[in-house]
Amino acid sequence: MQIFEYNGSAVVAMVGKNCFAIASDRRLGVQLQTIATDFQRISKIHDHLFIGLSGLATDVQTLYQRLVFRHKLYQLREERDMKPETFASLVSAILYEKRFGPYLCQPVIAGLGDDNKPFICTMDSIGAKELAKDFVVSGTASESLYGACEAMFKPDMEAEELFETISQALLSSVDRDCLSGWGGHVYVVTPDEIKEKILKGRMD
Amino acid sequence: MGDSQYSFSLTTFSPSGKLVQIEHALTAVGSGQTSLGIKASNGVVIATEKKLPSILVDEASVQKIQHLTPNIGTVYSGMGPDFRVLVRKSRKQAEQYLRLYKEPIPVTQLVRETATVMQEFTQSGGVRPFGVSLLVAGYDDKGPQLYQVDPSGSYFSWKASAMGKNVSNAKTFLEKRYTEDMELDDAIHTAILTLKEGFEGEISSKNIEIGKIGADKVFRVLTPAEIDDYLAEVE
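If you read the sequences in order, they're chains A and B.
Residue numbers for the first sequence follow my numbering, so the first one is 1 and each next one is one higher.
Residue numbers for the second sequence follow my numbering, so the first one is 1 and each next one is one higher.
Only chain A is shown next, with the shape it has when bound in the complex:
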C-alpha cells in the first residue's frame, strides 16, 4: 500500500496573462472506498495567493492549518501580505523541518507577485522547490496531468481561456485515475477578482 496513494488527489496550477488558475479534484477516498465528494484541497492564503495540497488528507489539513497560522502572524507583524515567492520559501522550510518524518503532501503554490506577475511552483514532500513558467501538477493523477497540460497549454491565455484549458486538462486526467475525480474545483485569479467554479465530470 502506497501512502501517497491512500486518499487519492489531483492538483494543477497554470499561468496565464496577469492571472493564474489552480484546480483540484474533489474525491476523498480510503483506498478503493470513496468517503467524500467535496474535499477541499485548495485553500486561500490571501487574495493573491493560493495553495493546493495533494497527498495524505490528514497532512493536507494539518499543513494548511500551520501555514495559515504562520501567515496570519506574518501579516500582523509586518503589516503586509506575504509575497508568493516568500511563502514558497516558508513552505519549503517547514517541510524540511520534518525531513526524517515528513508531511506526506506535495504542495502546489500559485500567486500573483509584484506587478501582478503570476507565480507558480510545486515541491516534493521534503521541500524541494520546482519553479515553472507554465504549469505545475501534483497528486495520484500527476502523470496524466503532465500529458494533458503539455498538450493543451498555451502561454499568455486570458482568464476565460485559462479556465477552459485547466478544466479540460483536469477532467481528462482524473478520468484516467481511479483514485481521483468526482468533479473539480477551479479558482481563476486575476488582480481584481477571484472566480471559483465547481466542475461536474464523470462522478466516479
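Because the hints were derived from the structure by calculation, they are not lab data.
One or more hints might be untrue.
[As the list claims (entries may be wrong)] Pulled a few chain B residues facing chain A out of the computed Cβ check, cut under 7 Å:
{"no.": "1", "residue": "LEU100"}
{"no.": "2", "residue": "TYR101"}
{"no.": "3", "residue": "ASP140"}
{"no.": "4", "residue": "LYS142"}
[As the list claims (entries may be wrong)] Restraint ranges, calculated between C-beta atoms of paired labels, are given here:
{"no.": "5", "chain 1": "A", "residue 1": "GLU193", "chain 2": "B", "residue 2": "GLU233", "range": "15 to 21 Å"}
{"no.": "6", "chain 1": "B", "residue 1": "VAL127", "chain 2": "A", "residue 2": "ARG99", "range": "32 to 38 Å"}
{"no.": "7", "chain 1": "B", "residue 1": "PHE8", "chain 2": "A", "residue 2": "ARG80", "range": "38 to 44 Å"}
{"no.": "8", "chain 1": "B", "residue 1": "TYR178", "chain 2": "A", "residue 2": "ARG80", "range": "24 to 30 Å"}
{"no.": "9", "chain 1": "A", "residue 1": "GLU160", "chain 2": "B", "residue 2": "PRO70", "range": "40 to 46 Å"}
{"no.": "10", "chain 1": "A", "residue 1": "TYR96", "chain 2": "B", "residue 2": "HIS24", "range": "41 to 47 Å"}
{"no.": "11", "chain 1": "A", "residue 1": "ARG80", "chain 2": "B", "residue 2": "PRO15", "range": "40 to 46 Å"}
{"no.": "12", "chain 1": "B", "residue 1": "GLN109", "chain 2": "A", "residue 2": "ARG202", "range": "45 to 51 Å"}
{"no.": "13", "chain 1": "A", "residue 1": "VAL68", "chain 2": "B", "residue 2": "SER54", "range": "58 to 64 Å"}
{"no.": "14", "chain 1": "B", "residue 1": "PHE13", "chain 2": "A", "residue 2": "ILE35", "range": "56 to 62 Å"}
{"no.": "15", "chain 1": "A", "residue 1": "THR58", "chain 2": "B", "residue 2": "GLU183", "range": "26 to 32 Å"}
{"no.": "16", "chain 1": "B", "residue 1": "ARG99", "chain 2": "A", "residue 2": "PRO191", "range": "29 to 35 Å"}
{"no.": "17", "chain 1": "B", "residue 1": "GLU183", "chain 2": "A", "residue 2": "ALA93", "range": "37 to 43 Å"}
{"no.": "18", "chain 1": "B", "residue 1": "TYR178", "chain 2": "A", "residue 2": "PRO191", "range": "38 to 44 Å"}
[Stated by the list, open to error] Derived lysine-lysine pairs resembling DSS-like cross-links, with alpha carbons at most 25 Å apart:
{"no.": "19", "chain 1": "A", "residue 1": "LYS117", "chain 2": "B", "residue 2": "LYS171"}
{"no.": "20", "chain 1": "B", "residue 1": "LYS102", "chain 2": "A", "residue 2": "LYS44"}
{"no.": "21", "chain 1": "A", "residue 1": "LYS72", "chain 2": "B", "residue 2": "LYS102"}
{"no.": "22", "chain 1": "A", "residue 1": "LYS83", "chain 2": "B", "residue 2": "LYS102"}
{"no.": "23", "chain 1": "A", "residue 1": "LYS83", "chain 2": "B", "residue 2": "LYS159"}
Ideal Cβ placement from N, Cα and C applies to all residues, glycine included.
Got chain A; can you put chain B on it based on the hints?
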C-alpha cells in the same frame, strides 16, 4: 537555569514605579561618546565621535559603525562590548529571517527583534540591561529609515536624533537645521556640523566615523579620505 542562585531578575521595580537599572543604563549611555543620525529624503546618515584613549591606539582597527545586513547599519553610544554582543545577535536574526523567507529582513522587523533582545535582558534571571543605545539606519522597500533603540527595549523612528554626551546641544542644533526635503549629501554636512558643535579639540577624519546608505540600498562606512572631502566642504 532554575537551579541557579541567580534565577531572579536583577532589574526590579522601585516604589516609584521605575526600573532603576534601566535608568542607570541610560546614564551609562549618556556618558558615552556622541553619536547621531539624520534621515534624508533619499537616504540615511549616521555618525559618531571616535575618541581613542591614547594616541598609541591604532585608529584604523577601531570601527564603531557596523553592518547588520548589506542594507542596514548601526552605531551606538555607551559600552562598546555590549554593542558587539548586540550586533552579533542582530546579524544572526537577520540571517535567520533571510534563510527562512529568502527575502532580506525589513528594517522595522530587525529593529523590533533587537529591541526584544534588549527587553529580555531587563526581565531575565541573573543578567543586567545592555549599556548601549543604538541608532539603526536602513533602506528597504519602505524607503530610508532611522530608529533608536534604548536599553529598556523601547524603539522610536526618528527624522534626526542624537545620543551620548552632547545629546541636548546636538538635538537643539538638529531641530534648527533639519528640513524634510534634505538630500543625503546635505544630511552628511549637517551631521558633521552637529558633531563639531560639542567636539573637544580638532575634528578630523581620524576622530569621527560616518556611515551612509542611499537609494542604492548599500550601507557603507566612509573612508577617511571621503570624510576629509566632506570636512573640507564644510569649512
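Exercise. Taking each numbered hint in turn, which are not upheld by the structure, reported in ascending numerical order?
Worked result: The structure breaks hints 3, 4, 5, 15, 19, 23; every other hint is satisfied.
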